[in-house]
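Trainee: The listed protein sequences correspond, in order, to chains R and P.
Position 131 (the first sequence) corresponds to 130 in numbering that gives the first Met the number 0; numbering is contiguous.
Position 114 (the second sequence) corresponds to 113 in numbering that gives the first Met the number 0; numbering is contiguous.
Calculated directly from the structure, the hints in this document are not laboratory data.
Worth double-checking, as some hints may not be accurate.
Some residues of chain P that are not near chain R, with every Cβ distance over 10 Å (derived) [said to hold, decoys possible]:
hint, residue
1, K12
2, P17
3, W57
Pair by pair, the computed Cβ-Cβ distance ranges are [claimed, not checked]:
hint, chain 1, residue 1, chain 2, residue 2, range
4, P, G77, R, E100, 29 to 39 Å
5, R, V133, P, E25, 19 to 29 Å
6, R, V4, P, E99, 47 to 57 Å
7, P, W15, R, F39, 46 to 56 Å
8, P, A81, R, K25, 15 to 25 Å
9, P, E10, R, V128, 30 to 40 Å
10, P, E99, R, P69, 16 to 26 Å
C-beta: ideal position from N, C-alpha, C; glycine also.
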Amino acid sequence: MENRVLEWNYEIEGRDFRNAGKISSKVKEILKELGFDPPFVRRVAIASYEAEMNIVCHAEKGMLHFTVSPGELRIVVRDKGPGIPDIELAMQEGYSTAPPEIREMGFGAGMGLPNIKKNVTILNIVSTVGEGTVVEMIITTPFQ
Amino acid sequence: MQLGEVQGILEAKILWEPFDLHLEIEMVEAADLMSDVLDHSRGGELLITGLVNSQVIWTAEMADLKAIVFVRGKRPDGETIALAKTKGIPLLATKLFMYEACARLWMRGLTGSSGTIG
Numbered sequence: 000m001e002n003r004v005l006e007w008n009y010e011i012e013g014r015d016f017r018n019a020g021k022i023s024s025k026v027k028e029i030l031k032e033l034g035f036d037p038p039f040v041r042r043v044a045i046a047s048y049e050a051e052m053n054i055v056c057h058a059e060k061g062m063l064h065f066t067v068s069p070g071e072l073r074i075v076v077r078d079k080g081p082g083i084p085d086i087e088l089a090m091q092e093g094y095s096t097a098p099p100e101i102r103e104m105g106f107g108a109g110m111g112l113p114n115i116k117k118n119v120t121i122l123n124i125v126s127t128v129g130e131g132t133v134v135e136m137i138i139t140t141p142f143q
Numbered sequence: 000m001q002l003g004e005v006q007g008i009l010e011a012k013i014l015w016e017p018f019d020l021h022l023e024i025e026m027v028e029a030a031d032l033m034s035d036v037l038d039h040s041r042g043g044e045l046l047i048t049g050l051v052n053s054q055v056i057w058t059a060e061m062a063d064l065k066a067i068v069f070v071r072g073k074r075p076d077g078e079t080i081a082l083a084k085t086k087g088i089p090l091l092a093t094k095l096f097m098y099e100a101c102a103r104l105w106m107r108g109l110t111g112s113s114g115t116i117g
């Protein structure tokens with residue numbers, strides 16, 4: 000791949016369940032077009048989708064910033080929302096604060112952040128209660 | 000096993016056309032929790048689910064699932080079916096319950112994605 004950084008920015012609407020997945024679908028399309036292997040693309044798409052769902056489920060709105068540079072991908076998801084009071088607790092599989100309507104969507108079982116962690120190289124979360132959360136995912140890219 | 004054979008075994012209806020009924024199905028995953036699908040699937044499975052909202056379609060796209068069967072007589076709305084069509088994800092619907100749908104396919108030789116049966 001060329002030796003330069005490519006970047007994209009997308010807005011994500013909170014509570015827009017119908018379109019929750021649209022941005023990660025774009026991320027997936029970009030990676031496919033850049034020629035990454037399908038299993039790698041799948042892994043990144045799953046992490047991005049869980050992060051996108053978190054915004055749709057819990058926040059008012061958010062942004063997804065996606066960069067592709069030599070050796071790594073970086074997806075930073077920033078939201079305006081309630082924030083996470085205890086990040087360590089939120090990282091535990093099965094811990095959830097999601098209301099019933101989100102569980103009815105097939106999510107909200109406390110697997111989002113653990114699922115993200117399994118699919119990325121580095122996961123950083125910074126959150127301020129009452130303001131919002133920033134989730135940074137760094138994924139080392141395979142040789143092209 | 001081809002998708003057309005799955006359709007026959009499950010006495011299922013096709014929800015949009017045309018899609019390839021010769022599509023080869025090798026593995027099945029059954030779940031109503033989409034996070035479980037994202038966590039446990041390997042890619043390439045047929046998904047059996049009782050959930051009928053658009054998240055099933057988005058999940059199938061992200062996880063590279065081949066096709067979806069809705070059980071218990073449930074049907075997604077027109078917008079969800081249209082989304083699947085855009086993504087090229089075949090949709091079938093059966094009146095069978097999830098367990099029965101899984102059992103019928105397993106008896107005919109389809110395995111699960113964890114590889115513990117089959």
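Trainee: Hints the structure violates: just list their numbers, smallest first.
Mentor: Violated hints (numbers, rising): 3, 4, 5, 7, 9, 10; every other hint is consistent with the structure.
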